Amino acid sequence: MSYHPPKRLSVFSWELMGPAIVGSFRKLDPRQLVRNPVMFATAIVALLLTVLLASGHVAASIGFQVQLVLWLWLTVLFGNFAEALAEGRGKAQADSLRDTKAQLWAKQLIGVGDVWDRVPATRLMAGDRVLVETNDLIPADGEVVEGVASVNEAAITGESAPVIREAGGDRSAVTAGTRVISDWIKVRVSQEPGQGFLDRMIALVEGAQRQKTPNEIALTILLVGLTIIFLIAVSTIPSFAAYAGGSIAVPLLAALLITLIPTTIAALLSAIGIAGMDRLVRFNVLAKSGRAVEAAGDIDVILLDKTGTVTIGDRRATEFRPVSGVSATELAEAAYLASLADETPEGRSIVALARERYGLPERQLPQEAKFDPFTAQTRLSGVEVDGSRIRKGAVDAILAHTPGAADSAAAAELRRITEEIARSGGTPLAVERDGRLLGILHLKDILKAGMRERFAELRRMGIRTVMITGDNPMTAAAIAAEAGVDDFLAEATPEDKLALIRREQIGGRLVAMCGDGTNDAPALAQADVGLTMNTGTQAAREAGNMVDLDSDPTKLIEVVGLGKQLLMTRGALTTFSVANDVAKYFAIIPAIFVILYPSLGIFNVMGLESSQSAILSAIIFNALIIPALVPLALKGVRYRPAPAAQILRRNLAIYGVGGIVAPFIGIKLIDIAVNGLGLA
Amino acid sequence: MANTTPEGWILIGGFIVLTVAMAKPFGLWLHAIYEGRRTWLSPIVGPVERLLYKVGGVDPAREQGWRGYAVALFLFNAIGILFLYALQRVQGVLPLNPQEFSGVAHPVAFNTAISFVTNTNWQSYGGETTMSHLVQMLGLTVQNFVSAATGIAIAFVLIRGFARRETRELGNFWADLTRITLYILLPSCFVYALLLVFLGVPQTLAGSVAATTMEGAGQVIALGPVASQVAVKMLGTNGGGFFNVNAAHPFENPGDLSNLVQMLSIFALGAGLTWTFGRAVGNTKQGWAILAAMLVLFAAGVSSAYIAEASGNPIHHAAGVDPSGGNMEGKETRFGPAASALFATVTTAASCGAVNSMHDSFTPVGGLIPLFNIQLGEIIVGGVGAGLYGFLLFAILAIFVAGLMVGRTPEYLGKKIEAREIKLAVLAIAILPLSILGFTALASVMLQGLEGLQDSGPHGMSEMLYAYSSGTGNNGSAFAGLTASNDFWGLTLGIAMFLGRFFVIFPALAIAGSLAAKKPIPAGAGSFPTTGPLWVGLLVGLILIVGGLTFLPSLALGPGAEQLAMLRGQTF
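If you read the sequences in order, they're chains G and L.
Note that my numbering has the first sequence beginning at 2, numbered continuously upward.
Note that my numbering has the second sequence beginning at 453, numbered continuously upward.
Since the hints were made in silico from the structure, they are not lab data.
Heads up, some of the hints might be wrong.
To be verified - Heads up, simulated DSSO-like pairs for lysine-lysine below, C-alpha to C-alpha not over 30 Å straight-line:
{"#": "1", "chain 1": "L", "residue 1": "Lys737", "chain 2": "L", "residue 2": "Lys875"}
{"#": "2", "chain 1": "L", "residue 1": "Lys971", "chain 2": "G", "residue 2": "Lys289"}
{"#": "3", "chain 1": "L", "residue 1": "Lys875", "chain 2": "G", "residue 2": "Lys289"}
{"#": "4", "chain 1": "L", "residue 1": "Lys971", "chain 2": "L", "residue 2": "Lys737"}
Bear in mind that the values here come from a model prediction, so they are computed numbers and not experimental data.
So that you can see chain L by itself, here it is in the shape it has in the complex (with noise of 0.2 Å):
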């Protein structure tokens, strides 16, 4: 607890309590998106909905089976990494360029354009100095609202395997994508933009200003429309930041009020899918059981993180740094240990990827939580939509592994489980291991990958592991240190994005598909309760048993070896 403050413990606890408050108001407002409800926002977005259906050629009205679903998906993903890679290729000879950058190079093209349609964000360039408004705005933040869009729809589809019953229609993707951007995202970030912009965040089509500083030399300001992209980043939970240091910069987030506003923007969107699933299957209760677990599991990673921050590093005490600031090493003077573990907790618990410090700076074990984060898939509140369906996987194992024991065929909100789902649940849930530690131990024999290292030793494995985590598990933010440009990070990189995102997807939709098909059982005095604190613990036991258990050789060697060696002062 060495160098804690209350006023540390107050804003993580304060942000849980909010976190709680935002999941009915964002919860009902999705819901009624889901239903396909009127909102008081119909008048103003229903002709546009409708026109882009007419130009799509699309009939809302007309449900997809879980295939028809999938593939119209992926169709529409498939087609967006196309683009995003030619017009970064093409960015030069296109408008919009007001500091005449080049086409982008290959691999970081290629990286890139997979990056943000699936929702991870990944940046192997400096987006100030590297992409042109064009890409940023029509390239960029398109897929930062569609890649979204996308994620909570599939979260969409699943609650409705769980509250449909003997159907195989599950929605229309094309109808879903356009409500969920036209009536969620798209009005909520401007709103959001505004009162950023109210908190001091530029919003400019101007390229940069040129300014004199104190010492009389000349420099040069990057500027840009700042605001509406942040926006996007932290609802949206895609985390790509205009600038290169994203929400550490100042432009990105100005001070202690606009960096708690963004840390709760990030969690608003899959806070409130808890409760709209748990609305959606009947009874709230289920939704806050599903949260109350995500949040058991942030509040013991925070409070670590917190702790191995605020304890600091005996290396840098000895080396005469005052040790009751903790370790601020990569960390903003404005935000502290506290606030910068709790983005980072945040930002990894959910697949955002948004930064306000450098992970890789962070203590050994301060940087384990969120790497562990990432590992578990990002269930914990998690990405926009990812996160509801990553963590519905989980419970639909636990349900399968513990459910046996009040002597039934497991089921979950009626809906048996059966060896279909548990097929489906494992092969999502071991995409990620498979991605994570495969391509981490073939960084870690080959040259090229071991080329991008900064660091030698057990803290170049955190960043070689974090990199393939963040990559798989979309969230996007990088341990820094690693330098991922190369071409075999590059093309690494990618495929581990494209599996984390689509491997987890494909049987996620498959199971709502078959869950919708069956016939409900309603729950009586023999069915397995999962409302309670019994489920909660159950749900928290067995994610980070079979989580912890499939990661803990690789964080022993990389993170656990680290702390041990740096708390008797050995350095590498």
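Here chain G stands alone, though its shape is the one from the complex (with noise of 0.2 Å):
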């Protein structure tokens, strides 16, 4: 099968519209509504004034009261269509994850050898062994037993380059629905049925089965309570009105209770969520819960590994220090011959840099040169060629190997050179030829590009970096100095991040972090944040809260900044939501009262036409604000890392003041059109 990432769907395209349309009339479904308080309570109050009308009890002008009919149910359709659009985006993409999940069958292996039966991937649990052989979709997510293969997770990662899957190491884990393009392997299933990698994703990118997260929870108890709080100031007034000796239709009370309960926010908050989720896999990370993506919001401290997050991963050789007596260029020379046969990158780089720095010319090891590589034990490496032996390496490997050398001036001088260079951050080589010492070779480690400016303004929006390296505290000092971290880790074994995650936890912060080894896997856990890179072994990748399906750890930050962007556009939604409330009340309250005190038509301030206008003008803008407001809540308020006082004031100024004023105007503008066309 062939994966095609579903092509970006404007949202207002008729693909997603035409589905949303029909979703949101499917989803009048009361069990469905039920889910949403305050949209069940408006469909209520809805269907109650649909019954009044269908009997006969016409307490306005008739087409007065279709009109509010009309309108009530349009809010609870809207706040469906909002809904069912955020969904429509991850369907598509659902659907073609499914069309893989129906081809899966496995080669079981029964007993011993290669014996193996065909059965529907659906019946493999986990223990279960199948065999993968080339052109085989893996069926089940599980761990690499025996075998080595190049597998293509493009179906997954939407990356078409294949990566190596192998038993053992941190390279064993494999996902169901991704191809094997050459050889095979057994792999050992590590799914229940239905519960793998690919249904996750699936369910995930649908917000099927989308479980309320805590924060959505609170705001939702928040709203049914505004909703009893107004719904007790709207239902006593019909004995005040009975006081004053007047009555108040039951139509103009509804119109007056909608316009007040929170309607726009709870009508967009689920939509909030799913589009927020929808930006994360659109990311190409894939979050287990909606939790974890609030809980990105709330972090405090991120942990990120030195290489390939602060640092490209390879060294390169940026300079070479002779010891006295030794010119740059013969120390130059014989580096070049030693790292000619090394083909690693700092290899490479030592050879680059002699040619560019030195003009030595270009040349070949001849076909006798003897090459020794680096070896862990011995932590140098070597050449013979032209009738001398080149070795470089460690600096005490070198002086440990060099007879008498230990103790000379020049190994004095090598020791301090050493010393310099290490306290910059950077790797000492030393070099020498036939028992000589010539000098120092600078490796030094590259930062990546702009991450001084990313963790600066992380330090503005109060998250602190800190750097995980193995390297010793001297260069792992030097290094977070130059990258411009808040605090770092050096020797870090595994034991050590899990202590300073725990340390930081105890002191009420959250932490975020990311891995990929088996050995990172506690760590992942108890991170509040584990981000997993999709290379990663299964344990990592079971014990990490999001994967990334692109495998680059410094997506860290933008995953911050994602969920800080979800938590920011609920909370400025249900502000401007509360702070319209002001304006409907001087739109309503004087429509529905003047007829008990006449006087009280001095509130009507925006000027509206009649009482009938007035309360149709209201109960449209607070209909229409819904759709008006799906792009924003699809695409998250903007969001620009800044320190909280100034987001605040930004978003309370555009949200809350804006909030008020906005549907004064529109309110207006809307009661000119209602008369305009004669509708009141």
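Two chains, two separate frames, one set of hints: put the complex together.
Here it is in structure tokens:
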């Protein structure tokens, strides 16, 4: 099968709008509506008015009442529409993944040897073993127990370059739906049916059995509370009216109630949540729960691995430091020769530097040259060429392997240079030729571009960055200072990492980290946000609460931003919704009370034409604001890293003050239109 | 601004400045008691304190969880209600009854018992003509102290909820009650009563004196232990006066100076508690921010009331009343519009309920301010303790709504605000409209309710609304006009006072329990700032929007309609 990631659909394209419109009617099902209490209340009021109208209880003019009922139902439908639209974007992707899943068959290994049975993937249980050969789709998530294969994971990551999966080590995890392109592997299934990565991804992009997150639950409680308070406020009005010697028709009270209860945020709440998850998915990060996304917004400390996050993976030679009596060219030439056979990126960078800086001619190692590769035991490598022996390696290793060199003046100088380089965060490599110490190669970690600014940004947002590295403290301190991280953990073992996370958490801080190895698993599980690389082991992927399909650890920073954006969008629209009520009061209160006390017409500050048009305009505004805000709910409010006070001031001005002012203008304009069209 | 005077504005401005100045000294004193520290009073009061613990079998060091605290508190209050009810019913056969009053009738006794235990001090009777000295001293005065102490104790618990971490322990109710009474209320009332005597307030056990007026007519002038009761009615924001007309009576409130001192004493402990709060949570700015938000609301309210009262009533002016004096109906000439409007705003901002003028006779807008103050839950400085914990409930809501906008799960003082806190805060806040609007709606359609009204039209509406607001908010001031002594009013107001007190207290205690169990998150650049003007503005905005929107329809039909009618010269 070939996988085509669905093309990015614009929110209001017909491809999405059509199904969403159908979906908004389907969501009128009370069992679905009841999950959103405020919209449920709106639907009940709409139903009540419909019944009243149908049974001939017409209090005001019939045309007015029909319009009122219509707009109340539209309010409910708009809410459903927002949710359906948000879900729709994930649906296409989910359908494609579901196709993939339907095609999965397994070669289940039975007994010993390579005897297998063809079974549907859905029957596989955790612990079963399967054989996957060239061109087979991997039927279930699991761990490679035998063999090596290259696997195309495009179905999951959208990235078509194959990756190697092999038994043992950190590259043993395989995912259902990905395809083996060469060789074969035996896989032990690690998932129960229906609970694999693919299933989770389908559920996720579809937003199907989306659980409400803790913060969403709290917000829903607040919205229900406000609804109850306004219900009390409105339902006591008939008695007050009776006291004043009049009465107020039920449809008018219904209109007042619906405009006061927080329909706007209630209608958009679930769309905001789905869209937040969708943003992550499009960013190629899968969160296992909405809770994790919210936690991302709350992060106080980010642990970043030095290699791959703070620095690019490889070190580069930047300088030749000869000892006294040796020319730089001499050192460069020796280093050049010693590195010709060294295919590591460090080796290549030495060759490049020697040629660039000292114009050494390009040459090949002669056939008879003998190369001793680097080993962990000797911690040096060497070459025999042109009748001499050149070696380069760790400074103490070179000194130990050069008889009589340790006490010489050159050795003392070598140690001085070494210390200087180490203090600056670099890695020194000593070079000797035929027992003569030549000097030091300065290898340097290369910082990723732009990271310093990112860390400064994080600091302004109140997030601390901690760099994790296996380097010694001196080197780590130098790199940390250069990169601008707040803190570092040097010579870090997985246990150290775990301890650091625990320590921060005891202090009340939330910690995010990323990792991929099996030994990262405990720390990933302990962290509040554990972002696992998709290339990581199954254990790591199980432990973390998010998976990055692109395996790019710097994304952790964006994930935090996306979490914050989700919370901000929710807060901004809640504030806007509550602030809207002020104007609605000014529209409706004079309109319905003016029959009791005509003087109350003075509160009609917007100068709305008539009572009926005022009520209609408020209810129309209340309904139309929902679709008007759908793009914002789906896109999220603008987010730029800044201190909380600054973000608050800005958002309060836009959504708080704006929320008070906007409906005054909106309702007035609608009133003009309503009267222009002769609707009231 | 018509007819307002510089002297009036100076009085109001000066009052606000003095309130700010009082906050720290009172706050420091309260903080010492909050922490149970030794003070210079310990050598004198300590033995009494220990004796009380011994008699009660209380170990003051054994702290309670929020449930244990709530049970103890409720038990104490329930017994208080029963005792006070019984005492009134049988006062006729008990000593210290020089005027030989008979037992108090049922609805009044029921109403009064709840009223004094809930720190409301709504009085549906004339104090000097109904209650024996024994009831006044052993019943009402005791409750004046312990109901105030109860309020402060709850504030302490909520403060502990924010200040403590990962604990269930929130203090010991009996110890808090005893300490607050012995170290704060009794000594300060003692000193304050002496000051009042100095200012001319009587303090005697004699029942009354007979006097012959200048016209030669005989007059019986009621007397009694006035100064001591005035001291605690103000400091403890009880509000129940010795005399029926309360602080408008020259014996309760002889002059300008006593008037100012009495207003300040209403705010003293409430303002002090905001400082105590800041200190306890480790940043006094947090407390100042709350006091600032309270005083912004206060300044807006008092200015509106003053302008309305100073402008007077055009209907009166048309009838030939000199407009320069403002609206003087129901006011003491010695106080005038400014001091009366200020007193009315203070007594309703705090849940005191003492009055030096008749709120019923205020212009509609002038009367709307006290009414609205009460409806907001009396969180503007507020009743002792009750003001702070009521305000903190709003702060929790404000931080939840707007806090999300900084992109974090909302947290206040490092404590995450989650579903449980929101549920409880909403419950506590929703009880106000439920009781106020619910009962007013009931009264406005029931014959029994309507028969208590003095006026028809929107003013009658205001009278009902004010009564239930005052009861639910545990204020106790009345819009006069209303006669609330029949069974219906006695019963419903009693229930309103009970709901308004305990259905806010229990959620507040539960929130304290939930917060104390949490681990605080250290503040940083990413935390929501809760000290600056932005936060103050946010608090003010949320309180006005949530509180205002809830009561706007009823206010429009009451004082709103009335004010507009008055301006057009319409009467009902």
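How the hints compare with the structure:
Distance hint between Lys737(L) and Lys875(L) is fulfilled; the C-alpha atoms sit about 28 Å from each other, no more than 30 Å. About 25 Å separates the Cα atoms of Lys971(L) and Lys289(G), which keeps this hinted pair within 30 Å; it holds. Distance hint between Lys875(L) and Lys289(G) is fulfilled; the C-alpha atoms sit about 27 Å from each other, no more than 30 Å. Restraint check for Lys971(L) and Lys737(L): the C-alpha separation of about 22 Å stays at or below 30 Å, so the hint holds.
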